[in-house]
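Chain by chain, the residues:
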Amino acid sequence: MGFIRSAFFDFSRNKGRTFLTSLGILIGVMAVVLLTAFGLGLRAYIEQQFEDLGSNLIRVVPGNPLEGGSFSNLGSYITIEFDEKDVQNLSRIRDVKIIVPVYSKTINMVAGNNKESSTIYASTEGIFTTLNVKAEYGRLFTDQEVDKRSKVIVIGPTLAADLFSSAKNAVGKSVKFEGQKYMVIGVTEKKGGGGFGGPDFDTFTYMPYKTAFTFNTEKTFMVIILQAKNDQDIKPVIKQVEEILSKRYEEEEFSVIQQEELLTAINSIFGVVNTVLVAIAAISLIVGGIGIMNIMYVTVTERIKEIGIRRALGARKSDILIQFLVASVILSLIGGIAGLTVSYIIVLFIQAYFPAYIDLNSVLLAIGVSSAIGIIFGVFPAKKAADLSPIDAIRYE
Amino acid sequence: MIQLTHVWKKYQIDDDVVFTALKDISLTIEKGEFSSLIGPSGSGKSTLMHIIGLLDKSSDGEVLIEGRNTAELSDDEISTLRNEFVGFVFQQFNLINKLTIKENILLPTTYARKKIEYDPGKKADEIMERFGILEKANSYPNRISGGQQQRVAIARALIMSPSLILADEPTGNLDTKTGDEIMKLLSQLNKEDNITVLIVTHEQDIAAKTKRKIQIVDGKIA
Numbered sequence: 001m002g003f004i005r006s007a008f009f010d011f012s013r014n015k016g017r018t019f020l021t022s023l024g025i026l027i028g029v030m031a032v033v034l035l036t037a038f039g040l041g042l043r044a045y046i047e048q049q050f051e052d053l054g055s056n057l058i059r060v061v062p063g064n065p066l067e068g069g070s071f072s073n074l075g076s077y078i079t080i081e082f083d084e085k086d087v088q089n090l091s092r093i094r095d096v097k098i099i100v101p102v103y104s105k106t107i108n109m110v111a112g113n114n115k116e117s118s119t120i121y122a123s124t125e126g127i128f129t130t131l132n133v134k135a136e137y138g139r140l141f142t143d144q145e146v147d148k149r150s151k152v153i154v155i156g157p158t159l160a161a162d163l164f165s166s167a168k169n170a171v172g173k174s175v176k177f178e179g180q181k182y183m184v185i186g187v188t189e190k191k192g193g194g195g196f197g198g199p200d201f202d203t204f205t206y207m208p209y210k211t212a213f214t215f216n217t218e219k220t221f222m223v224i225i226l227q228a229k230n231d232q233d234i235k236p237v238i239k240q241v242e243e244i245l246s247k248r249y250e251e252e253e254f255s256v257i258q259q260e261e262l263l264t265a266i267n268s269i270f271g272v273v274n275t276v277l278v279a280i281a282a283i284s285l286i287v288g289g290i291g292i293m294n295i296m297y298v299t300v301t302e303r304i305k306e307i308g309i310r311r312a313l314g315a316r317k318s319d320i321l322i323q324f325l326v327a328s329v330i331l332s333l334i335g336g337i338a339g340l341t342v343s344y345i346i347v348l349f350i351q352a353y354f355p356a357y358i359d360l361n362s363v364l365l366a367i368g369v370s371s372a373i374g375i376i377f378g379v380f381p382a383k384k385a386a387d388l389s390p391i392d393a394i395r396y397e
Numbered sequence: 001m002i003q004l005t006h007v008w009k010k011y012q013i014d015d016d017v018v019f020t021a022l023k024d025i026s027l028t029i030e031k032g033e034f035s036s037l038i039g040p041s042g043s044g045k046s047t048l049m050h051i052i053g054l055l056d057k058s059s060d061g062e063v064l065i066e067g068r069n070t071a072e073l074s075d076d077e078i079s080t081l082r083n084e085f086v087g088f089v090f091q092q093f094n095l096i097n098k099l100t101i102k103e104n105i106l107l108p109t110t111y112a113r114k115k116i117e118y119d120p121g122k123k124a125d126e127i128m129e130r131f132g133i134l135e136k137a138n139s140y141p142n143r144i145s146g147g148q149q150q151r152v153a154i155a156r157a158l159i160m161s162p163s164l165i166l167a168d169e170p171t172g173n174l175d176t177k178t179g180d181e182i183m184k185l186l187s188q189l190n191k192e193d194n195i196t197v198l199i200v201t202h203e204q205d206i207a208a209k210t211k212r213k214i215q216i217v218d219g220k221i222a
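Chains A and B supply the protein sequences, listed in that same order. Each residue of the first sequence is one higher than the one before, starting from 1 at the first, in our numbering. Each residue of the second sequence is one higher than the one before, starting from 1 at the first, in our numbering.
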């Protein structure tokens, strides 16, 4: 009968004590769950950013951005610049679906009285496929417009709204930058981003790269993006890119980066950092566990007489052991579930600013870990209770 | 039913001080007896009762319960015997205060290893009705009188249908009138239910109500 009810009876009689003991576990579980939630959120955010960029992508950039310590999208450590000849050479590689040269520049855009700064991506039609960009209003530019050097641009929704009161109004309007007038032919779909120093896609401007030659007078590119036809084509394509570029440049002057590799590298760094943080938080769980152990020893002492009575009525050692283990697991679980609840509320509030989330694994882990703590730290007091001599226990006053 | 041969109980009090509570006790209690262990306080009668009731172990000698040598039984087997064979009644009642009267009475059934043939709840109701405490079923021990508490304790001792009831000073905490009622109840259980009853007491009046008096003085049967 009611080991669980009996445990709750004791807890309700010692509310303050139960609360303080559970608080230790509550804080521990909360620390672990919240840090895991932040880690998961950050990871999901990064993965989302990469997914937005399309799959099977290979980027050819000058220098070595991974070693230079900068993950800037276009490689901030520029030693060489690519030109149309490189693009032509690389376009001969088989198994490349599209090749997208990109020139990028930050410009100030003027529309009527409004002035906004924006990052320009001057490229081919292919940039929309590789960056997974779609038009919300109007349309995207085509390769014919690239060849005709049409003065058309596609802008992000945030930029459009800043310049023309609403994104919808932007289509067909003209803007001015770098001394030329351009017509807005499309506004891209909202993509978000922008937090934590990442790029905000919604403020970008896309234009035909040949049109940009009016201010990109050297006719250079900061990055050439290649999309392999298939997963298994990536490695051979990278090899061929390296061979072709080696003929013009030194090996350390350029890097060929596989998108997935970059993601793996970032993920493993985050993985390590997050594991260390969670491990530190887990120490508080151990402290909480010691609190439970302490209280369970007190409880055993308070209930020696009861243990004696139960033994006299036929309870085995294992019955007493289980009774006290159940009590300590419940005590720990109260803390665990409360910790989970508090974490959930905090995450709900924080989600507006940070993509943190609690997954099912965290829930199961929190419940599993707090049960385990109840057992681990409850087993010694429970063993003490079970090993009491029945006659000494029943005589205890 | 119970056979003690040359039973000793010694306590190591200090490094070189040994207290001998029981000296060479040999005793047989037959099925259906209504007996008392009588002696002054400190005579060792309670210790003897604890050994018979398997709450304590002898230092030397044999204790046979229905022919089984208790020294050869495991702790679990001894727990099972305490559960099924013996019912304890204590001077201090020893009820668990956070459980209701009925829950206290049913407590031994929660530790039962054998399949209980009857409905424990129904049996508890019957016993409570017989003892006149049925209306207290959902009360708590500290809400009822001493006499009622001792009836609850006896009801708890009976719930597993034991062969033996061991009562340690069952009237010690009760006034004479209530004490007499409890004694009447125990005698009834012996007569009507054919349960072996052994009462530990220091009062001659109480012992006089039993059929056999076993006198203990200084740890020996006098």
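Simulated from the structure, these hints should not be mistaken for laboratory data. Please note that the accuracy of each hint is not assured.
Stated by the list, open to error - Not everything, but these chain A residues come out facing chain B in the computed CB check (under 7 Å):
{"hint": "1", "residue": "F9"}
{"hint": "2", "residue": "I304"}
{"hint": "3", "residue": "E306"}
{"hint": "4", "residue": "A312"}
{"hint": "5", "residue": "L313"}
{"hint": "6", "residue": "G314"}
{"hint": "7", "residue": "A315"}
{"hint": "8", "residue": "P390"}
{"hint": "9", "residue": "I391"}
{"hint": "10", "residue": "R395"}
Claimed, not checked - Distance condition first, Cα-Cα at most 30 Å in a straight line; then the derived DSBU-like pairs of lysine-lysine:
{"hint": "11", "chain 1": "B", "residue 1": "K122", "chain 2": "A", "residue 2": "K383"}
{"hint": "12", "chain 1": "B", "residue 1": "K123", "chain 2": "A", "residue 2": "K305"}
{"hint": "13", "chain 1": "B", "residue 1": "K123", "chain 2": "A", "residue 2": "K383"}
{"hint": "14", "chain 1": "A", "residue 1": "K383", "chain 2": "B", "residue 2": "K23"}
{"hint": "15", "chain 1": "B", "residue 1": "K98", "chain 2": "A", "residue 2": "K15"}
{"hint": "16", "chain 1": "A", "residue 1": "K219", "chain 2": "B", "residue 2": "K57"}
{"hint": "17", "chain 1": "B", "residue 1": "K31", "chain 2": "A", "residue 2": "K384"}
{"hint": "18", "chain 1": "B", "residue 1": "K114", "chain 2": "A", "residue 2": "K305"}
{"hint": "19", "chain 1": "A", "residue 1": "K181", "chain 2": "A", "residue 2": "K210"}
{"hint": "20", "chain 1": "A", "residue 1": "K134", "chain 2": "B", "residue 2": "K10"}
{"hint": "21", "chain 1": "B", "residue 1": "K213", "chain 2": "A", "residue 2": "K317"}
{"hint": "22", "chain 1": "A", "residue 1": "K134", "chain 2": "B", "residue 2": "K177"}
{"hint": "23", "chain 1": "A", "residue 1": "K181", "chain 2": "A", "residue 2": "K115"}
{"hint": "24", "chain 1": "A", "residue 1": "K219", "chain 2": "B", "residue 2": "K23"}
{"hint": "25", "chain 1": "A", "residue 1": "K317", "chain 2": "B", "residue 2": "K122"}
{"hint": "26", "chain 1": "A", "residue 1": "K15", "chain 2": "B", "residue 2": "K115"}
{"hint": "27", "chain 1": "B", "residue 1": "K122", "chain 2": "A", "residue 2": "K384"}
{"hint": "28", "chain 1": "B", "residue 1": "K10", "chain 2": "B", "residue 2": "K184"}
{"hint": "29", "chain 1": "B", "residue 1": "K57", "chain 2": "A", "residue 2": "K383"}
{"hint": "30", "chain 1": "A", "residue 1": "K105", "chain 2": "B", "residue 2": "K122"}
{"hint": "31", "chain 1": "B", "residue 1": "K114", "chain 2": "A", "residue 2": "K176"}
{"hint": "32", "chain 1": "B", "residue 1": "K31", "chain 2": "A", "residue 2": "K168"}
{"hint": "33", "chain 1": "A", "residue 1": "K115", "chain 2": "A", "residue 2": "K97"}
Ideal Cβ positions, reconstructed from N, Cα and C, are used throughout, including at glycine.
The hints, checked one at a time:
1. A hinted interface residue such as F9/A counts as satisfied when its beta carbon comes closer than 7 Å to some beta carbon of chain B; here the least separation is about 5 Å, so the hint holds.
2. Violation of the interface hint for I304/A is found here, the shortest Cβ-Cβ separation to chain B being roughly 12 Å, above the 7 Å cut-off.
3. A distance limit of 7 Å between C-beta atoms decides the matter here; for E306/A the minimum to chain B is near 6 Å, and the interface restraint holds.
4. Among the interface hints, the one on A312/A holds; its C-beta lies about 5 Å from the nearest C-beta in chain B, closer than the 7 Å criterion.
5. Restraint check, L313/A versus chain B: the minimum CB separation of about 4 Å is within 7 Å; hint holds.
6. Checking G314/A against chain B: minimum C-beta separation of about 2 Å stays under 7 Å; hint holds.
7. The criterion of a C-beta within 7 Å of any C-beta in chain B is met by A315/A, whose closest approach is roughly 5 Å, and the hint holds.
8. Nearest Cβ of chain B to the Cβ of P390/A: about 5 Å, under the 7 Å cut. The hint holds.
9. Of the supplied interface hints, the one on I391/A holds, with its beta-carbon coming within about 4 Å of a beta-carbon of chain B, less than 7 Å.
10. The interface hint given for R395/A is violated, since its Cβ lies 9 Å from the closest Cβ of chain B, which is over the 7 Å cut-off.
11. With a C-alpha separation of about 35 Å, the suggested pair K122/B and K383/A falls outside the 30 Å cut-off, and the hint is violated.
12. A distance of roughly 27 Å separates the Cα atoms of K123/B and K305/A; the hinted pair therefore holds under the 30 Å criterion.
13. Restraint check for K123/B and K383/A: not satisfied, since their Cα atoms lie roughly 34 Å apart, outside the 30 Å limit.
14. At roughly 34 Å between alpha-carbon atoms, K383/A and K23/B are farther apart than 30 Å, so this suggested pair is violated.
15. Our distance criterion of 30 Å between C-alpha atoms is met by K98/B and K15/A, whose separation comes to about 16 Å.
16. As the CA atoms of K219/A and K57/B are separated by approximately 100 Å, the hinted pair breaks the 30 Å bound.
17. Restraint check: the Cα-Cα separation between K31/B and K384/A comes to about 37 Å, which exceeds 30 Å; the hinted pair is violated.
18. The suggested pairing of K114/B with K305/A holds, with an alpha-carbon distance near 26 Å, which does not exceed 30 Å.
19. With a C-alpha separation of about 15 Å, the suggested pairing of K181/A with K210/A holds against the 30 Å cut-off.
20. Only pairs whose Cα atoms come within 30 Å are accepted, and K134/A paired with K10/B is rejected, the gap being roughly 93 Å.
21. Our distance criterion of 30 Å between C-alpha atoms is broken by K213/B and K317/A, whose separation comes to about 35 Å.
22. With a C-alpha separation of about 97 Å, the suggested pair K134/A and K177/B falls outside the 30 Å cut-off, and the hint is violated.
23. With a CA separation close to 14 Å, the supplied pair K181/A and K115/A stays within the 30 Å bound.
24. Proposed proximity of K219/A and K23/B is contradicted: the alpha carbons are some 113 Å apart, above 30 Å.
25. The hinted pair formed by K317/A and K122/B meets the criterion: a straight-line CA distance of about 29 Å does not exceed 30 Å.
26. Distance check on the hinted pair: K15/A and K115/B sit about 38 Å apart at the alpha-carbon level, beyond 30 Å; violated.
27. Among the hinted pairs, K122/B with K384/A is inconsistent with the structure: their alpha-carbon atoms are about 36 Å apart, more than 30 Å.
28. For the given pair, K10/B sits about 35 Å from K184/B by alpha-carbon distance, which is inconsistent with the 30 Å threshold.
29. At roughly 21 Å between alpha-carbon atoms, K57/B and K383/A fall within 30 Å of each other, so this suggested pair holds.
30. For the suggested pair K105/A and K122/B, the alpha carbons sit about 89 Å apart, so the restraint of at most 30 Å is broken.
31. Under the criterion of a C-alpha separation no larger than 30 Å, the hint pairing K114/B with K176/A is inconsistent with the structure, at around 93 Å.
32. Proposed proximity of K31/B and K168/A is contradicted: the alpha carbons are some 101 Å apart, above 30 Å.
33. For the given pair, K115/A sits about 38 Å from K97/A by alpha-carbon distance, which is inconsistent with the 30 Å threshold.
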